[in-house]
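Counting from 1, one number per residue, gives the positions in the sequence shown under the working numbering.
Bear in mind the hints are in silico, worked out from the structure with no lab data behind them.
Fair warning: there could be bad hints in the mix.
What the hints assert, rightly or not - Derived lysine-lysine pairs resembling DSSO-like cross-links, with alpha carbons at most 27 angstroms apart: (1) Lys227 to Lys77; (2) Lys85 to Lys180; (3) Lys127 to Lys61; (4) Lys227 to Lys160; (5) Lys73 to Lys85; (6) Lys180 to Lys61.
What the hints assert, rightly or not - DEER-style ranges, computed between Cβ atoms: (7) Glu177 to Gly51: 21 to 31 angstroms; (8) Asp71 to Asp158: 34 to 44 angstroms; (9) Asp195 to Lys77: 16 to 26 angstroms; (10) Asp158 to Tyr135: 35 to 45 angstroms; (11) Glu177 to Lys65: 13 to 23 angstroms; (12) Lys85 to Val162: 16 to 26 angstroms; (13) Asp158 to Lys180: 39 to 49 angstroms.
These numbers were taken from a predicted model, which means no experiment stands behind them.
Using N, Cα and C, we set each Cβ at its ideal position, and we do this for glycine too.
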Amino acid sequence: MRRSKLGLGAAAIVMLAAPIVSVSALSAPNTASDVAALLFEKSQWTNAPVGSSLTYAYSQKIPVKMGPSFDDKITLKLDKGDDDKSRTAEVRMFTGEHATPAGPFRSDEQNPVMLLALENNVEQLSKAWGANPRYLKNAVRKAWRENAKIENVPLTVDGKQVPGTRITIEPYKNDSEAVKMGGLETMVYTVEVADSVPGNLVRVDIHAPDSGTPSFVETLTYAGETK
1 MRRSKLGLGA AAIVMLAAPI VSVSALSAPN TASDVAALLF EKSQWTNAPV GSSLTYAYSQ
61 KIPVKMGPSF DDKITLKLDK GDDDKSRTAE VRMFTGEHAT PAGPFRSDEQ NPVMLLALEN
121 NVEQLSKAWG ANPRYLKNAV RKAWRENAKI ENVPLTVDGK QVPGTRITIE PYKNDSEAVK
181 MGGLETMVYT VEVADSVPGN LVRVDIHAPD SGTPSFVETL TYAGETK
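Taking the hints into account, I'd like the entire structure generated from these sequences.
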(Lines of atoms letter the chains of each structure in order from A and count residues from 1; the text may use other names and numbers.)
(Lines give C-alpha, C1' and ligand atoms only; values in the text may rest on other atoms or scores of the structure.)
Protein backbone atom coordinates (compact mmCIF):
# COMPACT_ATOMS: atom_id res chain seq x y z
CA MET A 1 0.00 0.00 0.00
CA ARG A 2 1.59 3.29 -1.07
CA ARG A 3 1.47 5.94 1.60
CA SER A 4 -0.25 9.25 0.92
CA LYS A 5 1.51 12.56 1.32
CA LEU A 6 -1.30 13.96 3.44
CA GLY A 7 0.11 16.23 6.13
CA LEU A 8 -0.75 15.34 9.70
CA GLY A 9 -1.19 18.38 11.90
CA ALA A 10 -3.16 19.44 14.95
CA ALA A 11 -6.39 19.79 12.98
CA ALA A 12 -6.01 16.31 11.51
CA ILE A 13 -5.46 14.52 14.80
CA VAL A 14 -7.72 16.44 17.16
CA MET A 15 -10.63 13.98 16.78
CA LEU A 16 -8.56 11.22 18.36
CA ALA A 17 -7.94 13.21 21.54
CA ALA A 18 -11.45 13.13 22.94
CA PRO A 19 -12.20 14.09 26.55
CA ILE A 20 -12.69 11.01 28.72
CA VAL A 21 -15.85 10.95 30.80
CA SER A 22 -15.93 7.34 31.98
CA VAL A 23 -13.71 4.29 32.14
CA SER A 24 -15.29 0.88 32.54
CA ALA A 25 -12.21 -1.15 33.51
CA LEU A 26 -9.58 0.15 35.90
CA SER A 27 -7.01 -2.19 37.42
CA ALA A 28 -5.30 0.68 39.28
CA PRO A 29 -7.00 2.92 41.88
CA ASN A 30 -7.65 5.76 39.44
CA THR A 31 -10.60 7.97 38.55
CA ALA A 32 -12.44 8.06 35.23
CA SER A 33 -10.59 11.22 34.19
CA ASP A 34 -7.17 9.55 34.38
CA VAL A 35 -7.04 8.52 30.71
CA ALA A 36 -7.44 12.15 29.69
CA ALA A 37 -4.96 13.26 32.35
CA LEU A 38 -2.39 10.66 31.32
CA LEU A 39 -2.56 11.17 27.56
CA PHE A 40 -4.12 14.49 26.65
CA GLU A 41 -4.01 17.10 29.42
CA LYS A 42 -0.80 17.37 31.45
CA SER A 43 2.52 18.74 30.22
CA GLN A 44 4.69 15.91 28.89
CA TRP A 45 7.94 17.85 28.54
CA THR A 46 9.23 17.86 32.14
CA ASN A 47 12.27 15.77 31.19
CA ALA A 48 12.60 17.05 27.62
CA PRO A 49 14.53 20.34 27.58
CA VAL A 50 14.45 22.91 24.80
CA GLY A 51 17.01 21.97 22.14
CA SER A 52 16.73 18.23 22.65
CA SER A 53 15.60 15.70 20.03
CA LEU A 54 13.51 12.60 20.67
CA THR A 55 13.59 9.53 18.43
CA TYR A 56 10.96 6.79 18.14
CA ALA A 57 11.53 3.52 16.29
CA TYR A 58 8.59 2.55 14.08
CA SER A 59 7.78 -0.91 12.73
CA GLN A 60 4.88 -2.03 10.58
CA LYS A 61 4.19 -5.66 9.72
CA ILE A 62 1.01 -5.99 7.72
CA PRO A 63 -0.83 -8.57 5.60
CA VAL A 64 0.45 -8.71 2.02
CA LYS A 65 -2.91 -7.55 0.69
CA MET A 66 -2.38 -4.21 2.50
CA GLY A 67 1.04 -3.52 1.02
CA PRO A 68 4.70 -3.78 2.04
CA SER A 69 5.89 -3.92 5.64
CA PHE A 70 8.66 -1.55 6.70
CA ASP A 71 10.71 -0.19 9.60
CA ASP A 72 11.46 3.51 10.03
CA LYS A 73 11.60 6.25 12.66
CA ILE A 74 9.93 9.45 13.84
CA THR A 75 12.02 12.28 15.28
CA LEU A 76 11.05 15.41 17.21
CA LYS A 77 13.22 18.50 17.51
CA LEU A 78 12.07 20.57 20.48
CA ASP A 79 12.17 24.35 20.60
CA LYS A 80 10.78 26.71 23.23
CA GLY A 81 7.07 27.29 23.61
CA ASP A 82 5.18 30.15 25.23
CA ASP A 83 6.06 28.92 28.74
CA ASP A 84 8.15 26.32 30.57
CA LYS A 85 5.45 23.64 30.21
CA SER A 86 5.13 23.87 26.42
CA ARG A 87 7.37 23.10 23.46
CA THR A 88 7.28 23.72 19.75
CA ALA A 89 7.93 20.39 18.05
CA GLU A 90 9.39 20.06 14.57
CA VAL A 91 8.46 16.57 13.38
CA ARG A 92 10.16 14.32 10.86
CA MET A 93 7.69 11.49 10.33
CA PHE A 94 9.44 8.63 8.55
CA THR A 95 12.15 8.91 5.90
CA GLY A 96 12.62 8.38 2.16
CA GLU A 97 9.57 7.18 0.26
CA HIS A 98 7.60 6.83 3.49
CA ALA A 99 8.14 10.44 4.61
CA THR A 100 4.89 12.13 5.65
CA PRO A 101 4.54 15.86 6.36
CA ALA A 102 3.52 16.50 9.98
CA GLY A 103 3.27 19.65 12.05
CA PRO A 104 4.98 21.72 13.22
CA PHE A 105 3.19 21.70 16.56
CA ARG A 106 3.60 25.13 18.14
CA SER A 107 3.72 25.81 21.88
CA ASP A 108 1.92 22.62 22.91
CA GLU A 109 2.13 20.85 26.28
CA GLN A 110 1.48 17.41 24.76
CA ASN A 111 3.78 15.15 22.79
CA PRO A 112 2.16 14.82 19.33
CA VAL A 113 3.77 11.48 18.44
CA MET A 114 1.10 9.18 19.90
CA LEU A 115 -1.71 10.91 18.03
CA LEU A 116 0.34 11.01 14.84
CA ALA A 117 0.77 7.24 15.09
CA LEU A 118 -2.96 6.75 15.67
CA GLU A 119 -3.88 9.06 12.79
CA ASN A 120 -1.47 7.17 10.55
CA ASN A 121 -3.13 3.90 11.59
CA VAL A 122 -6.62 5.24 10.87
CA GLU A 123 -5.50 6.43 7.43
CA GLN A 124 -4.17 2.97 6.58
CA LEU A 125 -7.32 1.21 7.78
CA SER A 126 -9.48 3.63 5.83
CA LYS A 127 -7.64 2.81 2.61
CA ALA A 128 -7.49 -0.94 3.18
CA TRP A 129 -11.12 -1.29 4.25
CA GLY A 130 -12.65 1.60 2.31
CA ALA A 131 -14.06 2.97 5.57
CA ASN A 132 -14.89 6.54 6.44
CA PRO A 133 -11.98 7.87 8.56
CA ARG A 134 -14.48 9.71 10.76
CA TYR A 135 -16.15 6.40 11.65
CA LEU A 136 -12.80 4.88 12.64
CA LYS A 137 -11.78 7.94 14.67
CA ASN A 138 -15.12 7.97 16.46
CA ALA A 139 -14.64 4.30 17.37
CA VAL A 140 -11.23 5.09 18.87
CA ARG A 141 -12.62 8.09 20.76
CA LYS A 142 -15.49 6.03 22.14
CA ALA A 143 -13.07 3.35 23.32
CA TRP A 144 -10.95 5.95 25.18
CA ARG A 145 -14.15 7.25 26.74
CA GLU A 146 -15.94 4.04 27.66
CA ASN A 147 -13.75 0.93 27.56
CA ALA A 148 -10.17 1.84 28.43
CA LYS A 149 -8.21 -0.45 30.74
CA ILE A 150 -5.53 1.24 32.85
CA GLU A 151 -2.72 -0.65 34.55
CA ASN A 152 0.21 0.60 36.63
CA VAL A 153 3.13 -1.53 35.43
CA PRO A 154 6.94 -1.52 35.27
CA LEU A 155 8.17 -0.61 31.78
CA THR A 156 11.56 -1.33 30.25
CA VAL A 157 13.35 1.72 28.82
CA ASP A 158 16.99 1.54 27.69
CA GLY A 159 17.32 -1.80 29.47
CA LYS A 160 16.08 -0.44 32.79
CA GLN A 161 12.71 -0.76 34.49
CA VAL A 162 10.79 2.42 35.28
CA PRO A 163 7.33 2.94 36.83
CA GLY A 164 4.76 3.38 34.10
CA THR A 165 1.16 3.10 32.99
CA ARG A 166 -0.38 0.94 30.28
CA ILE A 167 -3.70 1.92 28.64
CA THR A 168 -5.45 -0.61 26.39
CA ILE A 169 -8.51 -0.27 24.15
CA GLU A 170 -10.31 -2.48 21.59
CA PRO A 171 -12.23 0.10 19.56
CA TYR A 172 -13.92 -2.24 17.07
CA LYS A 173 -14.90 -5.04 19.46
CA ASN A 174 -18.63 -5.86 19.31
CA ASP A 175 -19.14 -3.33 16.51
CA SER A 176 -21.64 -4.75 14.01
CA GLU A 177 -20.09 -2.78 11.14
CA ALA A 178 -16.56 -3.94 11.96
CA VAL A 179 -17.18 -7.52 10.82
CA LYS A 180 -16.51 -6.20 7.30
CA MET A 181 -12.89 -5.44 8.24
CA GLY A 182 -11.58 -8.92 7.44
CA GLY A 183 -9.98 -9.63 10.80
CA LEU A 184 -8.91 -6.06 11.54
CA GLU A 185 -11.88 -5.74 13.89
CA THR A 186 -9.80 -7.67 16.45
CA MET A 187 -7.36 -4.76 16.67
CA VAL A 188 -5.99 -3.94 20.12
CA TYR A 189 -4.36 -0.57 20.85
CA THR A 190 -1.90 -0.33 23.75
CA VAL A 191 -0.22 2.89 24.88
CA GLU A 192 2.52 2.91 27.53
CA VAL A 193 3.66 6.10 29.26
CA ALA A 194 6.13 6.98 32.02
CA ASP A 195 6.75 10.33 33.69
CA SER A 196 10.51 9.73 33.85
CA VAL A 197 10.84 9.35 30.06
CA PRO A 198 11.34 12.51 27.96
CA GLY A 199 8.04 13.20 26.22
CA ASN A 200 6.34 10.59 28.49
CA LEU A 201 5.55 8.19 25.63
CA VAL A 202 7.29 4.80 25.87
CA ARG A 203 5.44 2.63 23.36
CA VAL A 204 2.39 2.34 21.13
CA ASP A 205 1.44 -1.18 20.06
CA ILE A 206 -1.39 -1.83 17.61
CA HIS A 207 -2.07 -5.39 16.54
CA ALA A 208 -4.86 -7.49 15.07
CA PRO A 209 -4.27 -11.20 15.77
CA ASP A 210 -6.85 -12.40 13.23
CA SER A 211 -5.94 -10.08 10.35
CA GLY A 212 -4.14 -12.52 8.05
CA THR A 213 -0.59 -13.61 7.29
CA PRO A 214 1.38 -11.92 8.59
CA SER A 215 -0.89 -10.45 11.24
CA PHE A 216 -1.20 -6.68 11.41
CA VAL A 217 1.37 -5.39 13.93
CA GLU A 218 2.34 -1.74 14.22
CA THR A 219 4.67 -0.47 16.96
CA LEU A 220 6.21 2.84 17.95
CA THR A 221 8.90 2.70 20.65
CA TYR A 222 10.89 5.41 22.41
CA ALA A 223 14.48 5.04 21.20
CA GLY A 224 16.30 7.84 23.00
CA GLU A 225 17.04 11.52 23.49
CA THR A 226 19.89 13.65 22.20
CA LYS A 227 20.74 17.11 23.50
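Tested hints:
| no. | hint | in the structure |
| --- | --- | --- |
| 1 | Lys227 to Lys77 | holds (10 angstroms) |
| 2 | Lys85 to Lys180 | violated (44 angstroms) |
| 3 | Lys127 to Lys61 | holds (16 angstroms) |
| 4 | Lys227 to Lys160 | holds (20 angstroms) |
| 5 | Lys73 to Lys85 | holds (25 angstroms) |
| 6 | Lys180 to Lys61 | holds (21 angstroms) |
| 7 | Glu177 to Gly51: 21 to 31 angstroms | violated (47 angstroms) |
| 8 | Asp71 to Asp158: 34 to 44 angstroms | violated (19 angstroms) |
| 9 | Asp195 to Lys77: 16 to 26 angstroms | holds (22 angstroms) |
| 10 | Asp158 to Tyr135: 35 to 45 angstroms | holds (39 angstroms) |
| 11 | Glu177 to Lys65: 13 to 23 angstroms | holds (20 angstroms) |
| 12 | Lys85 to Val162: 16 to 26 angstroms | holds (22 angstroms) |
| 13 | Asp158 to Lys180: 39 to 49 angstroms | holds (42 angstroms) |
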